[in-house]
Amino acid sequence: MFFYKILSQIFSQGGLRQIKTGPNTSRKEHSRAHTHGVVDPELLSTSKGLYAVKWSFAGLIATALFQVSIVWVSGSVALLADTLHNFGDAATAVPLGLAFFLSRKKPNKRFTYGYGRVEDLAGLIIVFLIFLSAVVAAYESISRFFFPQPVEFLGGVMAASIVGFLGNELVAKFRIKIGKEIGSAALVADGYHARADGFTSLAVLLGALGIWLGYPVADPLAGFLITIAILKIVWDAGKSVFSRMLDGVEPDIVDEIYLIVKKVEEVRDVTEVRVRWLGHRLYAEVNIAVDPVLSVEEGHAIAVEVRHRMMHSLDYLSNVVVHVDPLGSAGESFHRLSEHEHDNLPSHSH
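According to the UniProt record's numbering, the sequence shown is numbered sequentially starting from 1.
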């Protein structure tokens, strides 16, 4: 219960707080005066993440403790391995919970974008643990194929396997659901990890059924099939997490930003759009072109309107930087590094 107390303490520190809007408020300040008076969506998302981590941890610990009692009676090595898998899956809640907690820390001079990337690093660790589950499942299958072991109390082993599968599947659905709601690739990956351990429990069940029917070879064969399924989960979860680590985003998000910004009447062109995830929050940079005869104040007002519409239209968007350029001199091609001379000063680039 030590880890559960840690998560409870972390979760209790993430209580919801109200925010006020005014002329000097946070990222929800917009060009049109209106009052939100609602819970900060960033804090709400983090609290949901901590909620999911806390209760899925409790569910997996309960499942593993039940399996331990059956292992003690039956002496099943396969069920022991599955129980260890469940304890290992529960342990992943600790770094993930710490990642959500750290993501609430404010940016500073060293980490100017905040600590959201910690959540992505946690997702990377979780994918690695899923891969280890596949390795363990493959090892157990090969071991049982060449060195079969007698299993006693098959009824209890089957029951424990079913409980392990159902417990992991419920936790997986819970984590994936909350992870998708808050846009957390790490929490979704952790859900897939729980599902992988659930498949391992199912392999134990199929093996026990095969032994009961007089086909001992069914146990390792089922293990091989489940190993393939786990590797498929590694591939799916890994693509998502590695994409986040490389600042990859869904192309639909970029297309939506173009459409939103182009609807602002004073915007003559949208020349650059950059978006990336930091944890479960989006950060965007947009280059727009406006009429070159406009004043600086008018250009700033257009940028504020662009930011206003994006913040209202995109879920999980945490911050927007809008660059304003005169039409005809917009885009990164006009700001790239170039060699040039300044009177008698030495040549340099900027």
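Some hints here could point you the wrong way.
Said to hold, decoys possible - In silico DSS-like cross-links for lysine-lysine, where the CA-CA straight-line distance does not exceed 27 Å: (1) Lys48 - Lys263; (2) Lys54 - Lys105; (3) Lys262 - Lys48; (4) Lys263 - Lys173; (5) Lys177 - Lys109; (6) Lys173 - Lys109; (7) Lys54 - Lys106; (8) Lys239 - Lys109; (9) Lys106 - Lys232; (10) Lys54 - Lys109; (11) Lys105 - Lys232; (12) Lys173 - Lys106; (13) Lys105 - Lys263; (14) Lys262 - Lys177; (15) Lys54 - Lys262; (16) Lys263 - Lys177; (17) Lys173 - Lys232; (18) Lys177 - Lys239; (19) Lys232 - Lys177; (20) Lys109 - Lys180; (21) Lys177 - Lys54.
These are calculated hints, taken from the structure and not from any lab test.
Results for each hint:
A distance of roughly 33 Å separates the Cα atoms of Lys48 and Lys263; the hinted pair therefore is violated under the 27 Å criterion. A threshold of 27 Å between alpha carbons decides the hint, and for Lys54 with Lys105 the separation of about 19 Å falls inside it, so the pair holds. Under the criterion of a C-alpha separation no larger than 27 Å, the hint pairing Lys262 with Lys48 is inconsistent with the structure, at around 34 Å. The suggested pairing of Lys263 with Lys173 is violated, with an alpha-carbon distance near 38 Å, which exceeds 27 Å.
This hinted pair does not check out: Lys177 and Lys109 have alpha carbons roughly 35 Å apart, beyond 27 Å. With a CA separation close to 39 Å, the supplied pair Lys173 and Lys109 exceeds the 27 Å bound. Between the alpha carbons of Lys54 and Lys106 the distance comes to roughly 23 Å, so the proposed pair stays at or under 27 Å and holds. A hinted pair counts as satisfied when its Cα atoms are at most 27 Å apart, and Lys239 with Lys109 does not qualify at roughly 31 Å.
Between the alpha carbons of Lys106 and Lys232 the distance comes to roughly 37 Å, so the proposed pair goes past 27 Å and is violated. Between Lys54 and Lys109 the alpha-carbon distance is near 31 Å, which puts this suggested pair outside the 27 Å criterion. Distance restraint check for Lys105 and Lys232: the Cα-Cα separation of roughly 35 Å exceeds the 27 Å cut-off, and the hinted pair is therefore not satisfied. Taking the CA atoms of Lys173 and Lys106, the gap is about 31 Å. The hint is violated against a cut of 27 Å.
Restraint check: the Cα-Cα separation between Lys105 and Lys263 comes to about 35 Å, which exceeds 27 Å; the hinted pair is violated. Taking the CA atoms of Lys262 and Lys177, the gap is about 33 Å. The hint is violated against a cut of 27 Å. Distance hint between Lys54 and Lys262 is unfulfilled; the C-alpha atoms sit about 43 Å from each other, more than 27 Å. Using a Cα cut-off of 27 Å, the hinted pair Lys263 and Lys177 is violated, with the two alpha carbons roughly 33 Å apart.
Proposed proximity of Lys173 and Lys232 is supported: the alpha carbons are some 17 Å apart, at most 27 Å. Between Lys177 and Lys239 the CA atoms are separated by roughly 19 Å; this keeps the pair inside 27 Å, and the hint holds. Using a Cα cut-off of 27 Å, the hinted pair Lys232 and Lys177 holds, with the two alpha carbons roughly 20 Å apart. Proposed proximity of Lys109 and Lys180 is contradicted: the alpha carbons are some 31 Å apart, above 27 Å.
Between the alpha carbons of Lys177 and Lys54 the distance comes to roughly 15 Å, so the proposed pair stays at or under 27 Å and holds.
In this structure, the hints that do not hold are numbers 1, 3, 4, 5, 6, 8, 9, 10, 11, 12, 13, 14, 15, 16, 20, in rising order.
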